[in-house]
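Construct all of the structure, not just a fragment, from the sequences and the given hints.
The listed protein sequences correspond, in order, to chains A and B. The numbering of the first sequence is the working numbering, which starts it at 5 and goes up by one. The numbering of the second sequence is the working numbering, which starts it at 72 and goes up by one.
A few of these clues could be false.
Unchecked claim - With beta-carbon atoms standing in for the labels, derived distance ranges:
1) A:42 x B:76: 17 to 27 Å
2) A:7 x B:153: 21 to 31 Å
3) B:86 x A:45: 27 to 37 Å
Keep in mind that the hints were calculated from the coordinates and are not lab data. What you are looking at is a predicted structure, and each value in this text was computed from that prediction instead of being measured. We put the beta carbon where it would ideally sit given N, CA and C, even for glycine.
The residues making up each chain are set out below.
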Amino acid sequence: ETGVTQTPRHLVMGMTNKKSLKCEQHLGHNAMYWYKQSAKKPLELMFVYNFKEQTENNSVPSRFSPECPNSSHLFLHLHTLQPEDSALYLCASSQDRLVGANTGELFFGEGSRLTVL
Amino acid sequence: KQEVTQIPAALSVPEGENLVLNCSFTDSAIYNLQWFRQDPGKGLTSLLLIQSSQREQTSGRLNASLDKSSGRSTLYIAASQPGDSATYLCAVRPTTDSWGKLQFGAGTQVVVTP
Numbered sequence: 005e006t007g008v009t010q011t012p013r014h015l016v017m018g019m020t021n022k023k024s025l026k027c028e029q030h031l032g033h034n035a036m037y038w039y040k041q042s043a044k045k046p047l048e049l050m051f052v053y054n055f056k057e058q059t060e061n062n063s064v065p066s067r068f069s070p071e072c073p074n075s076s077h078l079f080l081h082l083h084t085l086q087p088e089d090s091a092l093y094l095c096a097s098s099q100d101r102l103v104g105a106n107t108g109e110l111f112f113g114e115g116s117r118l119t120v121l
Numbered sequence: 072k073q074e075v076t077q078i079p080a081a082l083s084v085p086e087g088e089n090l091v092l093n094c095s096f097t098d099s100a101i102y103n104l105q106w107f108r109q110d111p112g113k114g115l116t117s118l119l120l121i122q123s124s125q126r127e128q129t130s131g132r133l134n135a136s137l138d139k140s141s142g143r144s145t146l147y148i149a150a151s152q153p154g155d156s157a158t159y160l161c162a163v164r165p166t167t168d169s170w171g172k173l174q175f176g177a178g179t180q181v182v183v184t185p
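Encoded structure:
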């Protein structure tokens, strides 16, 4: 496996369910991100982890809970979501020590399409 | 606050025509700018990344230019093909410490007709 992989690709859940999205990167990067893409809106950054430490929580509601057990894996735990949370959730990674020739280029997974009923 | 705008929102061209996609940003203090392609229901594929010290980057039929002082970048796709149909997004990285906090435009949806 190469690149950034996300599972599941599609998820339908009720408002009382608990589910998790998983992301794994095989690029040796030190930073991972969750982005949300809603219809007709630009991508929104949700969470940033570098070296497994959360460095950014972009005012995301507590019904979204990230977990980063190591630098290769990132989870997004979901509970008591609302229909307006239906969106494409994208995971990304980068090598984010911006020194030398490193550009911090972002690489994305295929996304998890979430529908909340 | 940095704002990124992509105009037009949608574009349709016949096969073989050159594509010109525009991206503008309000704060010229950027570290780099990245162009992505997104197919329907899929993730983003990185196309080109231009550092703030560069004027352009090329990859095959793709050429991206950057004019930081005027807050503009342009993506050129030569001799377009139906397979180029997708949404193209640009994103700017504001500072060296912005840990992937890219600011995205809303994208330009491109249709190339055979």
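Item to check | Numbered hints the structure breaks, given as an ascending list | outcome: none
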